[in-house]
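Asker: The listed protein sequences correspond, in order, to chains F and D. When the letters of the first sequence are read in order and numbered with this note's numbering, they come out as residues 1 to 254. When the letters of the second sequence are read in order and numbered with this note's numbering, they come out as residues 255 to 562.
Hints listed in this document are in silico derivations from the structure and should not be mistaken for laboratory results. Built from N, CA and C at the ideal position, the CB exists for glycine as well. Be aware that a few hints might be false.
[To be verified] One side only, chain D facing chain F, incomplete, derived with CB under 8 Å:
1) Asp413
2) Trp418
3) Phe466
4) Leu493
5) Tyr518
6) Leu522
7) Gly526
8) Thr527
9) Leu528
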Amino acid sequence: MSFRDRLKETRAKASDGFRGGKLMSSIFRPGSPFRKGYVDSPRNRSYVVMNNVLYHLHPVKVKRHGVRLSYTLCLGGLSFFLFIVLTITGIWLMFYFRPTELAYVDIQNLQTTIAFGSLVRNMHRWGAHLMVLVVFLHMSRVFYHGAYKAPREFNWVIGVILLLLTLLLSFTGYLLPWDQLAIWAVTVGGNMAGYVPVVGAQVKFGLFAGLEATTATLLRFYVLHVLFFPFIIVIFMAVHFWRVRKDGGISGPL
Amino acid sequence: MVDIPEHLLQRSAEARAKALGISVEQAMAEMKGQSDPTIISKEPEVKVIDETPAPAAETPAPATETPAPAAETPAPAAETPAPAAETVAPVKEEHAAETTEKVAAVKIEEKAPIAKTPPPAKADAPDEVDFAPDVKVTQRLLTVVKAKPIQKPVKEPIDKVNTWPHLMLPEFVALMAMTAFLIFLSAILQAPLLEEANPNVTPNPAKAPWYFLGLQEMLSYWDPQIAGVMIPTVVGLILWMAFPYIDRNPETHPSKRKFAIMFYTFFLAGAGTLTIIGVLFRGPGWNWVYPWIDGIWFDDLLDWIHFE
Ligand code: HEM
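Chain F extracted, bound-state conformation (with noise of 0.2 Å):
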């Protein structure tokens, strides 16, 4: 035996013993790939849906047409993705910003002095305009498959109100860099607010706590962009991804 294959053994037995020990089984279910003994079976395949917390988002089997990529587009999924990204990246920029007057400031010792801060700063920014750019491909993906129509009208309600969302929290990141693209970018949107029937001016002074964006705005801007909606479009996301499954999955074939 070569001294290679005698590596090659060693190194498997240890990868077994590893994969087989008590450490692993108590982590991942059965049928779990990660688990010693896994082969591409029918029934381990459905394990490892079935005993995997993703069971709460994918059912064991889905239909054909539905895995094949132009018929999505995989949109929804990217959607909630980004979403996943700018939380993470969302996380890490609130370690280093302040919503307060030093929140300009922050934001070039950002790009300047912390490292990765420059990209991470990119990638929430690039990443908010791509969400709000794949929510609304997605949301046009659903109209033109006619993938609203019963059982499904709900879902599509929840849906324009996860659009809703997106968009407001994208509006209320705007601001917070606390450069003159923001504040003049949120003034021209929250004066357009002002302008909604009836309730507009209340609209715009529960806005920008007054009557122009100041410091005041930008707390509460932060406030309702690191917490409050994003609490909210989690709590609508998981009811729409519990509605694709309980609406018989996905819609079609056309």
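Take the given structure of chain F and dock chain D with the ligand to it, following the hints.
Answerer: This is chain D with the ligand only, laid out in the frame that chain F set:
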């Protein structure tokens, strides 16, 4: 004939024996076709239900019109109320779903004065009073009906595949591709950061985020009658939510919902055009500019695109 479980046969035989006044063994033999059936036409042993109201002690709530609940049911399977005119009382499907098996029975009526039919039993009357009093009723076993679920799930075969790996792997690939794309984008494009916010210096033009620029562009047309834009926006949003309830056409194929497709496509085209105008073709004072001549007047793009 269906294979009837022994315990059900036994139960039917007992009921039959009781109704006809014969022994259980005899009834069983008759049912199995081993002996001639007993003729019941002459004077079958039946119970006649009295019309007199029940004594107060037996009825918890003193309901004057309620007929007597006292009488015993002749046959066990008589759960289904039968209107006086009907002869055959089929076993209700709902009941069948609850129990596993049920015996269907025929009610033979000696005389059925329809006019005399009393009002149906009140809710508090026991279940046994379920046929017209004053009517002699016997039951004869005709057949045993196998219970079936009320909702027969008609499953059309759906072509399905395992989520793992057929859905989860493509999802994973899409996720990785998106991450790679985003990191690449973030590495080459710097997010804008202008001078510090200054409420006293209004930029010209002041633009909203791009997804509101279509709206801002519309506001520029109807500036004096702003309500002419915002009301449709708010109402439109509500209508948009209600859209599935408005579009009742069940078809999903594009060729059968041309109007809806056209509607959305016009909406997309309109929103896209307005947004592009707002982003690229509006300069100082919200005047028309050509981006290739006058440059880009949208700070979100300014930092990383340079025409010249
Ligand atoms: C944060 C935003 C959203 C997320 C994360 C999300 C996520 C998802 C996911 C993962 C699916 C499964 C199928 C697919 O990927 O296409 C789905 C389906 C669906 N979504 Fe969304 N969605 C969002 C916004 C919307 C919006 C704005 C609408 C419409 C106004 C909408 C309406 C629907 C409908 C009707 C379905 C069922 C489609 C079918 O069965 O073919 N969603 N969504």
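Asker: The structure should be examined with respect to each hint, and the outcome stated for every one.
Answerer: Hints, one by one, checked against the model:
no.: 1; hint: Asp413; verdict: 4 Å, holds
no.: 2; hint: Trp418; verdict: 4 Å, holds
no.: 3; hint: Phe466; verdict: 5 Å, holds
no.: 4; hint: Leu493; verdict: 10 Å, violated
no.: 5; hint: Tyr518; verdict: 5 Å, holds
no.: 6; hint: Leu522; verdict: 7 Å, holds
no.: 7; hint: Gly526; verdict: 10 Å, violated
no.: 8; hint: Thr527; verdict: 15 Å, violated
no.: 9; hint: Leu528; verdict: 14 Å, violated
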